[in-house]
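Join the two chains, each given in its own frame, into one complex according to the hints.
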Amino acid sequence: MPGLFFKRSSLVSGFDMNRAGLLFALGFLLLAQNVYAQRELKDIPIPHPEEERKTFVLADGFEVNLFAADPKLHKPIQINFDPQGRLWVAASEVYPQIAPGQKANDKILVLEDVDGDGVADKTTVFADGLLIPTAVEPGDGGAYVANSTELVHFQDTDGDGKADRSRIVLSGFGTEDTHHILHTFRWGMDGMLYMNQSIYIHSHIETPYGVKRLNAGGIWQFRPETMQLNVFARGWVNTWGHAFDRWGQSFATDGAGGEGINYVVPGASYPAVYGVPRILHGLNPGSPKYCGLEVVDGRHLPDDWQGNLITHDFRGHRVCRFVVSDDGSGFAARQQADLISTPHVAFRPIDVKQGPDGAIYIADWYNPIIQHGEVDFRDPRRDHTHGRIWRITAKGRKTVPRPKLVGTDPATLLDSLKSPESYERQHAKRALKELGTDKVGPALDKWVASLDAKDPQFEHHRLEGLWMYQSLDIPNPALLEAVLKSKTPQARAAGVRVVPHWKEQLPAALTWLEAAIADEHPRVQSEAIRALSEFQDLRAAALALRAADRPLDQYADYALWQTSRELAPVWLPALVDHKFDFDGNVGRLLFAVKAAESGAAVPVLLSKFKEGKVPAALQEQLLETVAALGNADQLKLVFDLALAPDTQLESTATLLRTLGNAKRSRNVQPSGDLAGIAGALKSDSAAVRFAAVDCVGAWKLESQRGLISAIAQDNQLTPATRSAAMAAVAQLGTSASHELLGKIATSDPNEVISGTALGLLVALDPGRAAKMSIEWFSKSKDAAVQAHLITAFLQHKGGPDILAGALAEQQVPEDVAKIALRTVTGSGRQEAKLIDALSKAGGIVSMAKVLSPEEMATLVTAIKEQGQPVRGEQIFRRAELNCLKCHAIGGAGGKVGPDLVSIGSSAQVDYLVDSILQPNKAVKEGYHSVVVQTDDGKVITGIKLRQTDSDLLLRDVEDRELTIPLNKIEEQVAGSSLMPVGLVDKLTRSELIDLVRFLSELGKPGPYAAVTARVVRRWETLQPTNETYTRMYRTSDTQVIGDDRGLSWVPAYSAVAGAIPLQDVLDFTMKERLGEAARKVGFLRCRINVTTAGAVGLAIGDAQGLQLWIDGKPVDVREKLDLPLPIGEHIVTFSVNLLTRKAPVRLELYDVAGSPAQAQFVSGK
Amino acid sequence: MIRGFDRSFSFLTFAVVVALSSTSLIAAEPFQLKDQDRVVFLGATFVEREGQFGYLETALTTAWPDRQITFRNLGWSGDTVWADSRGIFDPPHVGYQRMLELVKELKPTVIVFGYGQNESYAGDAGLESFVRQFEKLCDDLKPMNARFVFLTPTRLERPVPPLPDASRQNSMLAKYAEAVRQLASHRDAPVIDLFALDLPSAKLTENGMHFGPDGYAAIAQAVRKQLKLEPRGLTSVQEEQIRQQIVEKNMLFFHRWRPQNITYLTGFRKHEQGNNAVEIAQFDPLVEQIEVKVNELKKP
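Residue numbers (our numbering), protein chains in the order written: chain B, 1 to 1165; chain E, 1 to 300.
Just to be clear, a hint being listed does not mean it is correct.
[Stated by the list, open to error] Some residues of chain B that are not near chain E, with every Cβ distance over 12 angstroms (derived):
| no. | residue |
| --- | --- |
| 1 | Gln102 |
| 2 | Arg278 |
| 3 | Lys503 |
[What the hints assert, rightly or not] Stretches of chain B that chain E covers, calculated by requiring three or more beta carbons in the stretch to come under 8 angstroms of a beta carbon on chain E:
| no. | stretch |
| --- | --- |
| 4 | 92-99 |
| 5 | 425-437 |
| 6 | 524-535 |
| 7 | 920-934 |
Treat the hints as calculated values from the structure; they're not laboratory data. In this text, a Cβ means the ideal position worked out from N, Cα and C, and glycines have one as well.
In isolation and in its complexed conformation, chain E is listed as follows (with noise of 0.2 angstroms):
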C-alpha cells in the first residue's frame, strides 16, 4: 500500500480528508483575523521557512486591510510539539518553558500551530504521545486567552530519484493531520488544512517535503480559497511590496528573537558580551517601523 501509493489512491484520500475537515471547519467559527490582533506562529520548518518567503502572511495581512494585524514567526526547523529544536544549551523540556515565556511576552490574540510533520516520523506508536502533548502545549498557553488556529502538516510529494519518495510517509501524515484536525475540532478552533489543500499538480518542491517560494505562493493561494479570503483590490506588484516588507521585518525579528552569538548575549558567557545584549531590544523599533508600513501599503 505504501509502495503502491498511486494516482488514484491518493485521490481517494484527499477525498476522506476534505469530508473531514470541511467537518471541522464547520464546526469551528468561521476563520477571521480581527483589528488589534497579534498572531504568533510556532512550529517547524514549514513555519519558519514561511518567515523567510512571507506568502502565507501576506494573505492573511491583505485580507483585512482595514485592521491592524501583527505576526510574530517562531518556527524552528525540526522542531516538535516537545520543543525538540529549542532547548540548546539544556534540555529541549527547558526551551519548551523557555518558548511559553517567550508567547507570553508577545501578548498573542492568536497562537498558529504548525505541528505534526517531524512527529509522524516516530510513526503509530508516536500519535498517543503526539496528541497527549499537543494538548499539554495547548492547555499550557491557554491562561494566553488567544484564538487558536491549526495547521495540517502539508502532504510530501513524491520527487525525482535518488531522493528517496518522501510521499511514502503521507499515510502517516494523514493520520497525524487527522489529530490535529480532531484536536482543533474539540477545541472549537480553526484548522488551516494544508494536508488537504488544493495544490496544482506541478511539483512545488526539490526534496519532496520543502517548499520554495514558488511553493509558498502556491500554498498561500490555495489557502485564500480554502478559508475564502476575498482578494481586497491589490495589484499583485503592490502585494509583492508588501511581502518584501514582511520578509524584511520578520528577518529583523528574527535577530530579535533568536539573535546570534546568545552564548554571549544572554547565555552562560554573557559575563563577557552582556553589554551588548541592548542591541537585541534595538530591533524592535526597526520592527515596529516597517509594520507601520505594510499598514500603509495594504491601504487599497
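One chain only, chain B, in its complex shape (with noise of 0.2 angstroms):
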C-alpha cells in the first residue's frame, strides 16, 4: 500500500505545528492494523441487564421490563412464539467462525413465562450440537430449524421438552458468510415457510422437483408437506427482516441496505440482486440499515399502533416504528418517534415479536461491536455470551389474555381467526393446520358459512377462511370466487393471490383474473399481473397485457414488465407466426416487447408500422423499440425515417441515440448508404447535431470527417458538443485523427477542450499522449481535466505503465502530481510504478513513520474529548474535501460510498481514523470495487451494482452508472477501495479531530441522530452564470424561473439536522439599476414525487426572506401549506433573500388530514 504523500521539501519545516503533528499522527496510524483489535476495550459496558435497561428512552406511553437474560440465554438470532405462546430462540456462541477444535454446540431454547407475569421462569435447551443456527420457526411437531447448510427439522416424541427425532429437510444452503446464511422464517397465511438468505449466499437445493439453486439474496418459499421450494423474491444484502400485514401483503427490511421498508411483489427482484436487469426499491431511501420485523396490532396497543411496523437500527441502538399507508398498488412507510433509542453500545435489537399478552418481545443480541467485516473474527470485544429478551408494554392498557391454542377443539380454534391479534389468528393457523384436514375440514365449512355478513369484519374473516383452506390445500372454489368479490379491495387483492394456488382445480380461474385485471384498485390489479404469469397459456397473456391500457405505477408496472418476461416462451413464438398480436393493441404489443427485448418480434412491429396501424402517439416508441431490438437492416429503417423532413426534431435526435447505442451495446448498426447523417450534422438542433456526431463515431463514417472535425474545433459550439465530435473524430482512427486531436491538445486555449483531445489520444498513440500529458500538466491548472487526464490513461490497457515510464526523469508540478496521486490511488487499482512515478517527478515522497498505539489512542482520546461535531460537520460540508461527491448522509450525497447516516453507531472511532487514511484497509460490503478490461482494450473500475444475463452494471467513481456488456469483458478482477488517499492531508490535526468527531456522532442518538421528519437532504442551487446574471437582469424572477432552460443548477445538501445553511446557497448580487433596488440573493430547489395525488402538505417554518414557486409559477409563502398536487414530479424553488434572512432554510412534508396523498422529497446526489 502507498502511504500518503507529501512535499519532500516541507517534510520538517514547512508545515505549521498543527499540520505537523497530524502528520505524526497519520504516519502512525498506517502501522497501526494489529493493535487495532484491543483498543477500546475499557469501553465495554457493565453487561448488567438493569445498567442496560436504566438508559433507554422509550416513546410516550410505553414501558420495558426485562422478559429473560443471559445466562439462561445467549446470543439469540431469531426468536418466533409457538401456539402455546412460548417463546424459542437460535442462539448462537459459535458464531462467528467455528475455531479448530471447538465444540458446535449452539442451541435451540424455548423461554416460557409460565405463570404470565411477564417474566419468563422456564428455559428448555430443546436442541443442542448445533452450528450458529440463524433462524428458528415452531411447526409440524416440533421446529424448523437454520442450521449452517441445512433445513432441519427436530421434533421431541417422548414429551420431555428435548428433540429426540432430527431430519435434514434440505440441504445445499450456502455459509460463504455466516452472518448471510439461511434465516428469518416465518410462516406465511398461506401456511408455507418463508426463508431468508443473504447477498454472499448460493444454495443449491436437491427437491423431487429438480435442483432449485438461488445465487445471492432472496426470500424462499417452502411447502414441507410437498416440498414445493421456489424463490418469493429476490435481492437485498442482508434481509433480515419479513412481515406480513393483515391483509397478507409482504414486508422486508434489510440489514445492509439504505432503503428502509420494502414492500415486497411477489417474484420481484430488489437491490444487489444477481441476473436480474430491473429491480425494485424500497420506500425510504436514505435510511439506515434495518433488521427484524414485525406487523403489530391488537387491543394492547393504542389505535394509532394498529399494523404499524416494528424494526430495529441496531447500529444506532434504536427500535423504530413505521406507519404504512396505501399508495396506489403499493405502499408508503413513514417514520415515527423511536420506540426505544439508547446511547448504550451494546444494546443490539436484531428481532421483534408481538407475543400471545399483546407485548411487544425484542431479542437483544447484545454486542459492543457488529459484524465480521470491520472486527477480526477473534476480536477479544466480542462477546458470545450475552443476550436479553426485551418485553414492551403500554402503560395503563391491560394486556391480552393469552389465547388457548393447543387441545383446543376445531370450531373453538377457528373462531381464533377473528381474533384482534393477528398473534392468536396466525397461530390458530397453525394449530389448526397441525391438526390435519380431516379433523378440520369438515369444521372449517360449517364456520365459513356461519360467519355474519353484517360483521364489519366479515370480509377479512372470509379471508382467514380462504387461507385456512390453502394451508391445508383443500380447494375451494366457490369461496374464493366470494373472496374475489369482496367490497374491500385488500380482500379482493389477497384471493387473486390464492388463484394460481389451485389452478388445476379452478376451471373459472382464467375468466376470475380477467375481472382483477380489470379492477378499479390498482393492487388488485398488481397482484392479478403477477398471478397470470403461473398460466403458461396465450390467454393469460393477453389478459395481463390489457393492464397496459391504463398508466400503471412502479409496481404494477415492473409487475406487468415481469410477467411479460416470464410469459414470453408463449406469447413470443405465437406473435412471430402471427397467430397473436395482444388483440391489435399496439401500446400493450409493445409494452411486451420492449420487456422480452426480443429482436425476433421486430418485423410484427415493422409490418404493423407500415400498415398504418401505429397510433401516432406510439409511432416514437415503436421506432425506439425497433432500434434498440432490430437488425441491421431494420435499424437502416428507423434511420431513414429518424433523417425524414417530417420528423419533429426531438424524435431525430432520441432516434439517432438509440441508433448509436445499438452499435455500441449489441455490435448493430444500419446497413446501405449513412451519409444522409450529413443533415443531422449540420441540424439547428444541439441535441440533434450532438445525437448524429456520436452515430458517425460509432459507425466510423469516414464520408463525414470534415463536418465533425470542423464541429470539434469551432469555439462557438459548447464543450460538451466540441467533446463529442473529437470523441467521434477519435473513433475514425486513422492518422489524421492523431493529427487533429495532436493539434487541438496543443493548440487550443481552453484547457477543458485541450485536455479531452488529449485524453482521448492515450487510447490511439499512448507514447505520443504522455510525453504530451507531461508538457500540458506544467501548464494546466483545471484540477477537474487534470484527473480526467490520469483517468484516461488508467482506462487504456497499458496506459500507466507508459504514462509511468514517460515521466522518468521528468517535473510535473506539485499540485498536478497531488491530484494525479488522488486520482489513482482512488481508482481501485494498484499502480505502483505510476504512482510512484509521479511522486518522484512531484517532489513528493511517502511517509510511513512507525507509531506506538500508545500515540493511536492519544488521538482517539482527543478526538473522544476535544473533537467539536458542530466544527467537524463544516469541515465535512467542505467543497474541497469532496466528501459528499461520493457519500450521501441519508440519501442526499453520492452513492459511490456507503451512506454515512448511522456510522457513528456502527464504527469504533479508530475505524473512522483508519477510514480516512487508509481506505483500503477495511472496504464496506457492497463498495469493493472490480476491475474490468474489455475487448477494446478499455480498463473500467467501479462499484458492481449488479449483474444481469448479457451486462455488468458498475457504478464509477463519477456516480455513474456503467453499462457492460458481458460478451465484451475479457477479465473481470477485484479491486480495492475507490476512495483516494491523502483526501485530508490538507487538514490540521484539529480539523482532523473535528472530523472524526463529527462522524462519530452520526447516528447515535443527540443532534446527529438519522432525522425522522421528512424534510428536503438534497436541493439544487442555481449557479450565477454570466447568462443567468444578463436574464435576471433583464426579465423577473418568475420568468427565470419558469423557463429553465440554459440555466446551470448544482446540488446542495441540507445539513444533518435538516435544514441548509445559507453560506452554501450561491448568490447572485445585483446592483441597484433601473430604479431596482440592490440585491443579494439565491435560489434553492427541491422536487416531490408525488404518487397518489391530493393535497400535499409543505411546512416551510421561518418564511423570512423567502419566495416560492411550484412547477415556475409563484405561490405565497406561509408557515404551512396545503397543496393539491397531481401524480408526478414537482419542482419547488425558493428565492432566498441573503440580505435579510439569517436562519437556515428547510421545508418539510406533512400529511393533510384526509387527504390521501403520497409524496417524498426526491434525494440523491
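Structure representation (C-alpha cells):
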C-alpha cells in the first residue's frame, strides 16, 4: 500500500505545528493494524441487564421489562412464538466462525412464562450440538431450524421438552458468510414457510422437482409437506426482516441496505440481485440499516399503533416504528418516534415479535461491536455469552389474555381466526394445520358458512377462512370466488394471490383474473398481473397486457414487465407466427416486446407500422424499440425515418441516440448508405447534432470526417458538443485523427478542450499522449481536467506504465501530482509504478513513520475529548474535501461510497480514522471495486451494482451507472477501494479531530441521529453564470424560474439537522439598476414525487426572506401550505433574500388531514 | 407407463438392471481397497449426507481392518458433473477447476464418483451431454493415476402423499444409471450399483429421494452384500464406535475444505479476515488424530 504523499522539502519545516502533529499521527496510523483489536476495550459496558435497561428512552406511554437474560440465554439471533405462547430462540456462541478444536454446541432454547407475569421462568434446551443456527420456527410437531448448510426439523417425541429426533429437510444452503446464512423464518398466511438468505450465499437444493438454485439474496417459499420450493423474491444484501400485514402483503427490511421498509411484490427483484436487469426499491431511501420486522396490532396497543411496523436500527441502538399506508398498488411507510433509543453501545435489537399477551418482544443480541467485515473474528470484544429478551408494554393498558390454542377443538380454534390479534390468528392457523385436514375440514366448512355477513370484519374473517383452506390445501373454488368479489380491495388482492395455487382445480381461473385485471384498485390489478404469470397460456398473456391500457405506477409497471418476460416463451413464438398479437393493441404489444427485449418481434412491429396501425402517440416509441432490438436492415428503416423531413426534431434526436447505442451495446448498425447523417450534423438543434456526431463516431463514417472535424474545432459551440465531436474523430482512428487531436491538444486555449483531446489521444497513441500530457500538466490549472486525463491513462490497457515511463526524469507541478495521485489511489487499482513515478516527478514522498499504539490511543482520546462535531460537520461539507461527492448522509449525496447516516453508531473511532487515512484497510460490504478489461483495450473500474444475463452494471467513481456487455469483458478482477488516499492531507490535526468526531456522532442519539422528519435533504442551487445574470437583469425572477432552459443548477445538501445553511446557497449580487434596489439573492429548488394525488402539506416554518414557486408558478409563502398536487414530479423553487434572511432553509412534508396524497422528496446526488 | 409404475414393472426393471450390472462388474476386477489408499468421494447430496452419517464409509473402513485407508468426502448438495454447485462467486466452470485442484491436493489413489441423479431431470435430451461431461471429468482427473469407482444413482421411492411421487423419475434414472455403468465398463472400473441394490421393501426415505441414518445403514448393508465384503468380526457396538468417529472426522474435514466465511478467509474480502485463514489448516491434525483412532478401533 502506498502511504500518504507529502512534499519532500516541507516534511519538517513547511508545515505549521498543527499540521506537523497531524502528519506524525497519520504516519503512526498506517502501521496500527494489529493493535486495532485491543483498543477501546475499556469502553465495554457492565453487562448487567438493569444497567442496560436504565439507559432506554421509551416512546411516550410505553415501558419495558426484562423477559429473559443471560445466563438463561445467550446471543439470540431469531425469536418466534409457538401456539402455546412459548418463545423459541435460535442462539449461537460459535458465531462468527468455529475454531479448530471447538465443539459446535449452539442451541435452540424455549423460554416459557409459566405464570404469565411477563417474565420467563422456564428455559429448556430443545436442541444442541448445532453450528450457528440462525433461524427457528416451531411447527409440524417440532421446530424448523436453519443449521448452516441445512434446514433441519427437530421433534420431541417423548415429551421431555428436548428434541430426540431430527431430519434434514433441505440441504445445500451456502455458508460463504455466517451473517448471511439461511435466516428469518416465517409462516405465511398460505401455510408456507418463508426463509431468507443474504447476498453472498449460493444455494443448491435438491427437491423432487429438480435442483433449485439461488445465487445471491432472496426469500424462499417452501411447503414442507410437498417439498415445493420457490423463490418468492430476489435481492437485498441482508433481508433480516420479513413480515406480513393482516391482508397478507409482505414487507422486508435489509440489515445492510439503505432503503428502509421494502414492499415485496411476489417474484420481484430488489437491490443487489443477481442476473435480473430491473429492480424495485424500498420505500424509505436514505435510511439506516434495519434488522427484524414485525407488524403489530391488537387490543393491547393504542389505536394509532394498529398495523404499524416495528424494526431495528441495530447500529444506532434504536427500536423504530413505521406507519404504512396505501400508495397506488404499493405502499408508503412513514417513520415515527422511536419505540426505544439508547446510547448503550451493547444494545443490539435484531429481532422483534408480538407475543401472546400483545406485548412487543425484542431480541437483544447484546454486543458492543457488530459484524465481521470490520472486526477480526477473534477480536476479544466480540461478546459470545450475553443476550436479552425485552418486553415492551403500553402503560395503563391491559395486556391481552393469552389464548389457549393447543388441545382446543377445531370449532373453537376457528373462532380465533376472528381475533383482533394477529398472534392469535396466525397461531390458530398453525394449530389447525397441525390437527390436519380430516379433523379440521368439516369444521372449517361449517365455520365459513356461519360467518355473519353484517360483521364489519366479515370480509377479513372470510379471507382467513380461505387462507385456512389454502394452508390445508383443500381447494374451495366457491369461497375463493366470493373472496374475489369482496368489497374490500385488500381482500380481493389477497384472493387473487390464491388463484394460481389451485390453478389445476379452477376451470374459471382465467375468467376471474380477467375481472381482476380490470379491477379499479391498482393493487388487485397488480396481483392479477403477477398471478397470470403462473399460467403458461396465450390467454393469460393477452389478459395481463390489458393492464398496459392504464397508466401504471412503479410496482404495477414492474409486475407487468416481469409477467411479460415470464410469459414470453408462450406469446413470443405465437406473435412471430402471426397467430397472436395482443388483440391488435399496439400499446400492449410494445410493452410486451420491450419487456421481453426480443429482436424476433421486430418484423411484427414494423409490419404494424407499415400498415398504418400505429397511433401517432406510439410511433416514436415503436421506432425506438425497433432501433434497440432490430437487425441492420431494420435499423436502416429507422435511420431513414429519423432523418425524414417531417420527423420532429426531438424524435430525430431520440432515434439517432438509440441507433448509436445499438452499435455500442449490440454491435449492430444500420445497413447501406448512411451519408444522409450529414443533414443532421448541420442541424440547428443541438440535441440532433449531438446525437448525429455520436452516430458518426460509433459507425466510423469516414465520409463525415470533414464535418465532425469542423465541429470539434468550432469554438462557438459548447465544450460538450466539441468533446463529442472529438470523440467521434478519435473513433475514426486514422493518422488524420491523431493529427487533429494533437493539434487541438497543443493549441486550443480552453483547457477542457485540450485536455479532452489529450485524453482521447491516449487510446490512439499512448506514448505520444504521455509526452504531451507532461508538457500540458506544466501549464494546466483545472484539477477536474487533470484528473480526467489521468483517468484516460488508467482506462487504457498498459496506459499507467506508459505514463510512468514517460515521467522518468521529468517534473510535474506538485499540485498536479497530488491530484494525479489522488486519482490513481482512488481508482480501485494497484498501480505502484505510476504512483512512484508521479511522486518523484512531483517531488512528493510517502511517509511511513512507525507510530506506537499509545500514540494512536492519544489521537482517539483527543477525538473523544476535544472534537467539535459542529465544526466537524462544516469541514465535512467543504467543497474541496469532496466528501458528499461520494458519500450521502440519509440518502442525500453520492452513492460511490456507503451512506454515512449511522456510521458513528456502528463504527469505532479508530475504524473511522483508519477508513479516512487508509481507505483500503477495511472496505464496506458492497463497496469493493471491480476492475474490468474489455475486448477493445479499455480498463474500467467501478462498484458492482449487479449483473444481468447480458450486462455488468457498475457505478464508477463519478457516480455514473455504467452498463458493460458481458461479451465484451475479457477479464474481471477484484479492485480496491475507490476512496482516494490523501484526501485529508490539507487538514490540520484539530480539523481531523473535529471531522472524525462529527462522523462518530452520526446515527447516535442526539443532534446527529438519523432524522425521521420528511425534510428536503438534497437541494439544487442556481449557479450565477453570466448568462443567468443577464436574464435576471432583463426579466423577472418568475420568468427566469418559469423557463428553466440554459440555467445551471448544482447540488446542495441540507445539514444533518435537516436545513440548508445559507452559506451553501450560491448568491447573485445585483447592483441597483433601473429603479430596482440592489439585492443579494440565491435560489434553491427541490423535487417532490407525488405517487398518489391529493393535498400535500409543506411546512416551511420561518418564511423570512423567501419567495416560492411551484412548478414555475408563484405561490404565496406561509409557514404551512396545503397544495393539491397531481401524480408526478413537481419542482419547488425558493428565492432566498440573503440580505434579510439569517436562518437556514428547511422544508418538510406533512400529512394533510383527510388527504390520500403520498409524496416524497427526491433525494440522491 | 410412468404413472403405472407398479410392482411387477419395477421387478422387471430390477431384473434387467441386475443382469446389466453384473456384466459390468464381471468385466472389472473385484472391488477392493488397498493399504495406504486415499479415497476421495465426489458427488451431490447422496455423497454429502453419506459423510454426515458415515455408514458406507464405515463398511469400507472395516472391510480391510489390516489396511490403512483414509477417506475424504467432497460431496456437495445439488451438484452435477458440471460442478453446478461449486461456482460460489464464480461460474460453475471455475468451481469445476477448483474441484480438480482440490482433488489433486488430496492425492487420491481412489476416486469415487456419485453423479447422475440431478442430471437426470434433463431427461432423454440431457443424457448425451451428461455422459460427455462425465467422461471429461474422468479424463481431467486421469493424471492423478487414481483408480476410479462409480456409484449409480439411488432408486427413488414413492413417498406418502401429498409429497410428489419421486419414483416417477426412476425410468429416467434407470437410463442415467445404465450410462454410468457403461462409462465404468469401458474404463474397466468397478461400479457400486446403488440403483440395483437389494434393499428392504420398507420405505427408507421420507421424501422419496434422500435417506436418513436408517437408509444409509440399509444401503451400507446391501453394498456389503453386492461387493461381497466380508464382515470382520467386529461387534455392532464396535462398528458404531467407528462410525461415530468417522462422522466426527468428516465434520472436521468439512470445516477444512468448505469452511464457513470463505468470503473473508480466502475470497474477495480476505484483506479483512485473511489472517484467520491460518485456522483452516489447523483442522488437518484434528482429522488425522481421528484417523489414528479409527485404525485402532477397527482392529478386530
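Quick rundown of the hints versus the structure:
Once the 12 angstroms rule is applied to beta carbons, glutamine 102 of chain B is inconsistent with being away from chain E; the minimum gap is 10 angstroms. The beta carbon of arginine 278 of chain B sits about 22 angstroms from the closest Cβ of chain E, which is more than 12 angstroms, so the claim that it is off the interface holds. Taking the minimum C-beta to C-beta distance to chain E, about 16 angstroms, the non-interface status of lysine 503 of chain B holds against the 12 angstroms cut. Only residues whose beta carbon comes within less than 8 angstroms of a beta carbon in chain E count, and the stretch 92-99 of chain B has 4; three or more means the coverage holds.
Residues of the stretch 425-437 of chain B with a Cβ under 8 angstroms from some Cβ of chain E number 0, which does not satisfy the need for three, so the listed coverage is violated. Check result for the stretch 524-535 of chain B against chain E: violated, 0 residues qualifying (beta carbon to beta carbon below 8 angstroms, three or more required). Counting residues of the stretch 920-934 of chain B whose beta carbon lies closer than 8 angstroms to any beta carbon of chain E gives 5, which meets the minimum of three for the stated coverage.
Checked against the numbered hints given earlier, this structure breaks hints 1, 5, 6; the rest are met.
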